[in-house]
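With chain X's structure known, arrange chain E with the ligand on it following the hints.
If you read the sequences in order, they're chains X and E.
Each residue of the first sequence is one higher than the one before, counting from 1 in my numbering.
Each residue of the second sequence is one higher than the one before, counting from 1 in my numbering.
Treat each hint with caution, since some may be false.
To be verified - In silico DMTMM-like links for lysine to aspartate or glutamate, alpha-carbon gap of 25 angstroms or less: (1) K389/E to D273/X; (2) K219/X to D273/X; (3) K471/X to D449/X; (4) K368/E to E157/X; (5) K128/X to D210/X; (6) K19/X to D87/X; (7) K368/E to D425/X; (8) K128/X to D111/X; (9) K396/X to E368/X; (10) K19/X to E157/X; (11) K389/E to E99/X; (12) K219/X to D350/E; (13) K268/X to D384/E; (14) K389/X to D440/X; (15) K268/X to D425/X; (16) K128/X to E31/E; (17) K128/X to D350/E; (18) K389/E to D98/X; (19) K268/X to D350/E; (20) K368/E to D273/X.
Source of the hints: derived by calculation from the structure; they are not laboratory data.
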Amino acid sequence: MSGTEWETVVGLEVHCELKTATKLFCGCANSFGDEPNTNVCPVCLGLPGSLPVLNEGAVERAMRIGAALHCEVHPSVFHRKNYFYPDMPKDYQISQYDEPINVGGWLDLPDGFRVGIVRAHLEEDTGKTSHLGGDGRIHGADYSLVDYNRAGVPLVEIVSEPDIRSAAQARAYASELRAVLVAVDASDGRMEEGSLRVDANVSVRPAGSDTFGTRCEIKNLNSLRSLGRAIEHEAARQVALLESGEAVVQQTRHWDEAAARTVPLRSKEEAFDYRYFPEPDLVPLAPDAGWQAAVAGSLGLLPAQRRARLLALLDGAGDGEVSAAQADQVSAVVDQGLDDLVVAAVSGGAPARLALARAANEVAADVEAGRRLPVADFTKLVSMEGDGKLSASQSKEVLGELLGAGGGDPEAIAGQRGFEAMSADSVVAIVNEVVAAHPDEWGRFAGGDQKLMGFFVGAIRERAGSSFDGKAVSAELRRRLQEA
Amino acid sequence: MSAPRGDGTREAGGDGPAGALRIAAAVRAGERSARSVVEEALSAVASGDSDLHAFVTVTADAALAAADEVDRAVAEGRDPGPLAGVPVALKDNLCTRGVPTTCASRILEGWRPPYDATVVDRLAAAGAVAVGKTNMDEFAMGSSTENSCFGPTRNPHDRTRVPGGSSGGSAAAVAAGFVPLALGSDTGGSIRQPAALCGVVGMKPTYGLVSRYGLVAFASSLDQIGPFATSVADAAHLLGVIAGHDRADSTSLPDPDPRPDFAASVGRGVEGRRVGLCLELVEGCAPDVVARVRRAAEDLEAAGAEVSEISVPEFRLGLSAYYLIAPAEASSNLARYDGVRYGLRVDGPDVAAMNTATRTAGFGPEVKRRIMLGTYALSAGYYDAYYGKAQRVRTLMVEAFARAYRQVDVLLGATAPSTAFPIGERVDDPLAMYMSDVCTIPSNLAGHPAISVPYGAGDDGLPVGVQVLAPALGEELLFSVAAALEAAAPAGGGPGAAAPVGSGGPEGAGR
Ligand SMILES: [Zn+2]
Chain X
1 MSGTEWETVV GLEVHCELKT ATKLFCGCAN SFGDEPNTNV CPVCLGLPGS LPVLNEGAVE
61 RAMRIGAALH CEVHPSVFHR KNYFYPDMPK DYQISQYDEP INVGGWLDLP DGFRVGIVRA
121 HLEEDTGKTS HLGGDGRIHG ADYSLVDYNR AGVPLVEIVS EPDIRSAAQA RAYASELRAV
181 LVAVDASDGR MEEGSLRVDA NVSVRPAGSD TFGTRCEIKN LNSLRSLGRA IEHEAARQVA
241 LLESGEAVVQ QTRHWDEAAA RTVPLRSKEE AFDYRYFPEP DLVPLAPDAG WQAAVAGSLG
301 LLPAQRRARL LALLDGAGDG EVSAAQADQV SAVVDQGLDD LVVAAVSGGA PARLALARAA
361 NEVAADVEAG RRLPVADFTK LVSMEGDGKL SASQSKEVLG ELLGAGGGDP EAIAGQRGFE
421 AMSADSVVAI VNEVVAAHPD EWGRFAGGDQ KLMGFFVGAI RERAGSSFDG KAVSAELRRR
481 LQEA
Chain E
1 MSAPRGDGTR EAGGDGPAGA LRIAAAVRAG ERSARSVVEE ALSAVASGDS DLHAFVTVTA
61 DAALAAADEV DRAVAEGRDP GPLAGVPVAL KDNLCTRGVP TTCASRILEG WRPPYDATVV
121 DRLAAAGAVA VGKTNMDEFA MGSSTENSCF GPTRNPHDRT RVPGGSSGGS AAAVAAGFVP
181 LALGSDTGGS IRQPAALCGV VGMKPTYGLV SRYGLVAFAS SLDQIGPFAT SVADAAHLLG
241 VIAGHDRADS TSLPDPDPRP DFAASVGRGV EGRRVGLCLE LVEGCAPDVV ARVRRAAEDL
301 EAAGAEVSEI SVPEFRLGLS AYYLIAPAEA SSNLARYDGV RYGLRVDGPD VAAMNTATRT
361 AGFGPEVKRR IMLGTYALSA GYYDAYYGKA QRVRTLMVEA FARAYRQVDV LLGATAPSTA
421 FPIGERVDDP LAMYMSDVCT IPSNLAGHPA ISVPYGAGDD GLPVGVQVLA PALGEELLFS
481 VAAALEAAAP AGGGPGAAAP VGSGGPEGAG R
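Here chain X stands alone, though its shape is the one from the complex:
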C-alpha cells in the first residue's frame, strides 16, 4: 500500500461542564478549585436513600447548546450507565442513552466547513481521583484519594459526525465549539480547568475511499494542542500499521502528552458492558414548546454571526478588501467579546478598520479593562485618530490611560499630555526643512533608493517631537516623490 494517499477521519466527543450555580441533581455548589469534599451532600455522594432531582438551569443550558448547534429538542429519558469506579459515588452514572435531549444539527467552522452533530446529551460528571505513589495511574498506586466536589456537576456531551478530515480541522472545530458554548453562556470554556474535555475517534483510509477504517478512541485530550498532536500521531501510527500490512485494532487509547504518543487503554473485547436501563428515580424530560421557544429566543448572537457582522462593517467602509490579518483581528475580537465595542464605535462614526485594530491590539491586551471602557470614550478616541487629530502613537498612549482609568475624555487627556497632531501645514513645513537640509540624500531618494525613506522619517520625527504623525509624514514624502 506504500505510495497510497491517506485521509484522516475524525469524530469528536466534547464534554462540556455547564456553568450552573448548582449541580445536576442536588443543591451543592458547582464550583472549581474548592477544598476537596466540601461541595457534597447525600445526593451527590450517592448515600443510601438519597434521590436525584433534576436542575432546570442545566436543562435550559443544554437546550441553549442544542439551539446553537441547530439540533432538535426531543423528549428524553435518563439512563443509568453501570460500572464500578471509585470516583463515581453510586457506581453508575446518570446519563442519557437512546433518547437524548438534543438530536441532529451542525456547526459551521470559520472557513465555512460544516461538521454534523449527532447529539448533545445531559449527564453528570464523576469525582476526581488522585493516585499517590507509583506513576500516578491507578495501577501501582500506593493509595488513592477521591474528591467528590465534581461528582454530579452537569455535563453536556456533544458528539460530532465523523466529518473532520485533519488535525487542524479538529482544532478549528473544538475552538469554534468552545466559542459557541461560551457565547450561549453554557460554559466558561476553560479547557485547562477541565471545563471542556475532548475524546477523539480517529481512523484513516485511502483518499477517495467511501468506507471508514477501523477507529481508535483517544482519551485525555485537555488542550487544543494535545488534540491536534494526538490526532496527528494516532493517524501516523495507523498509517504505519496499514502500510506494513498490519491491521488497526479497535481500541480505546490514552494520549501521553510527555511521550507524544497514544498508548492502549482497553480493547473492544475489554469494553465495559454498561447495562444501560432507564433511571427509575427520574421522570422523562419533555420541555414544552413554550420553554423551547423562550430558550431559542434568548440565545443572542453566535460567534459566526458576530464575525459576519464585523466583516460586513469592514466591507461597507469602502476602503478596500478585507486582508487576512484583518480577518484574524475579527476572529480575535469576537473570541474576546470585544466585538460589541467595535460595532458601537463604528455606529458612532469611528472608522471601522481603525476601531478594529485598536480593539484587537491595545484593548485586547487588557480585556477586563476593555469591557469597562465607556463606548463613547473609545469612539471619540478612534475618531480623533481617524481625523488625524492624534497620531497612532499618541492615540495608543491615550487609549492606555483610558483603559487604566476606566474611561475619560480623550481630548482632555491629549491636551494634558500636550499632544497635538501635526497639522497638514506643519507636516509640509517640516518636510520642506528636512529635504532642504539634506539635498544629496533627497536626490538619491528621488532617484529610487527606497532605503532612504527611513532616514527621512527619522529626521522628521526628531524635528516634530511628540506631535509626529507617521502616516501623514509618509503620505507627504510620497506626494513629493511623485512631484520630483
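Just chain E with the ligand now, with coordinates in the frame of chain X:
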C-alpha cells in the same frame, strides 16, 4: 424509664392496649403524658423483644427526649401534632439521622446516615415518637425476615414460625403490642404479607403517594413506604401523616386539591360498591386461606356490596416479571456498596480487589443471588429478552387492571398463599420463598394501592390476611372497604391475639 416486667405484658393505662388514635387523643387532651406512653412501649420492648427480635436498634434516650418535647408542647398550649406521643417503629431501611441504618446487612456496618428520611421527618412533625429500628430481610429481599445479618424475627403468634417479610420486624412489633404503629416498605408484598402472617393491618400506598427520599432503595420503580397498624383507622391516620408531595423525590406525585382525608374514608361503608373476588388471587392458596377470602366476600355482600367473581389471567405473569425487574434495579442500586465511602471495607491489594472482598463479605446469599440475576437480565444481548420483556409484561399488567376496574371498584383476594410457615422451612428453596409474594406482586408492578386486613385464623390457629386492591390513588375506596371487612372479621388471629400480650382478648377494631 419504668422497669421491664418479666411476663412481657405492658403497663396498660386505664384504657387497655390502646390504638394510635386513642393514644394521640389522650396525649393531646393532657390525659396521658407522652413520656408515660413511650416508657410503656420501651418497657414492653425491653421485656418482650429478646425473644421475638423485632427490633435491631432501640433508641430509648431519643424517644424519651422526643416524648418530653411533645409533653412540653401540650403544657404550653402548642399543637403537639395528630400523632402526639404515639410510639412508632421504623423498618431499618429508613434513614435516621445519627442512628444506624443497616438494612440488616453487614455491608452497612457502622454507617449512620447524616439525614432523616422524609417520612421520619413527617412522623416527628406529627408528634409521633420513633422508638427504634426493626429487623428485615437484608435490603428487603425476602419474605420471612430470615435473611437478616442479625438473625430472624419470630412470629408473635408462634415463635417457631416466621413473621413474613421483608418488613417482618415492623409487623411483629405491632402484633406483639410493642407499638401501635410501624412503617415498612413494600416492593413485592413486603408490608402486606408480613401483616397477614402477623395478624395486623398493612398497607401499600399508590406509587408516588409517599416520598421515597431516605428509603434505602431495593427496586426503585416498585418500592413504596406504608403503614402497619392494629386497625384500618390507625393505618389510614398514619398514611395521612406520611403521604404528600416531596420535592426531594422526583417520582413523588403532586398533591390533589383538596388533599384526600384517608381517616374520614374509613366509615363510609360499602353500600353499592362492586367487589371482584379475583380468582387468580386465590388460586394455589391453602384451602383454609381460600375459605377465609370467600367468607370475606360473603361478609362484604352482607354489608351491601355487589360481589362477583373476576378473572385477571395476566396476574399469573407477575412473579416472573417481578423477578427480572426487581433484581435488575437492585443490581444497580446496590453497586454503591463498594467499600470506598461508608459501611464495611475489606481491604485488598487494589481497588477492584477491595470492592470484591467487601461485597463478598458484606452481602448475604439472597442479595448476591439477586444481584447476579439482575446483572444478567440487563446484560448486552439479554436485555430485550429479559428486562425489556418484563417491562412489557408490566404494561400488560396495568392494562389488565384497567379492564378489571371497568367491571368492579376493588379486587379481593388472599394476601399470602398460606399462614406463617416454620422458621427454616424455605430458606434453601428460593422459589418456594418467592411464591409467598404471588398475590401481592401485581399491585407493585402496576403501582396501585392494596391493603391486608386480618381475617380470623387458619386451621392452624394462625392469622390469615385478606387483601383488597384498588386503582391508583384509590386509597379512600380501599380504606372504606377494608374497614367494612375489619368490622365483619371473625375472631382469632387478629391484633391482640398474639401471646403473650397481657390484656387478653382481641382489641376491638378501632373506629
Ligand atoms: Zn450534592
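Hint-by-hint comparison with the structure:
| no. | hint | result |
| --- | --- | --- |
| 1 | K389/E to D273/X | holds (20 angstroms) |
| 2 | K219/X to D273/X | holds (19 angstroms) |
| 3 | K471/X to D449/X | holds (20 angstroms) |
| 4 | K368/E to E157/X | violated (34 angstroms) |
| 5 | K128/X to D210/X | violated (41 angstroms) |
| 6 | K19/X to D87/X | holds (21 angstroms) |
| 7 | K368/E to D425/X | violated (97 angstroms) |
| 8 | K128/X to D111/X | violated (37 angstroms) |
| 9 | K396/X to E368/X | holds (17 angstroms) |
| 10 | K19/X to E157/X | holds (14 angstroms) |
| 11 | K389/E to E99/X | holds (19 angstroms) |
| 12 | K219/X to D350/E | holds (23 angstroms) |
| 13 | K268/X to D384/E | holds (22 angstroms) |
| 14 | K389/X to D440/X | violated (33 angstroms) |
| 15 | K268/X to D425/X | violated (79 angstroms) |
| 16 | K128/X to E31/E | violated (58 angstroms) |
| 17 | K128/X to D350/E | holds (17 angstroms) |
| 18 | K389/E to D98/X | holds (18 angstroms) |
| 19 | K268/X to D350/E | holds (24 angstroms) |
| 20 | K368/E to D273/X | holds (19 angstroms) |
In the structure shown, a violation is registered for the earlier hints numbered 4, 5, 7, 8, 14, 15 and 16, in ascending order.
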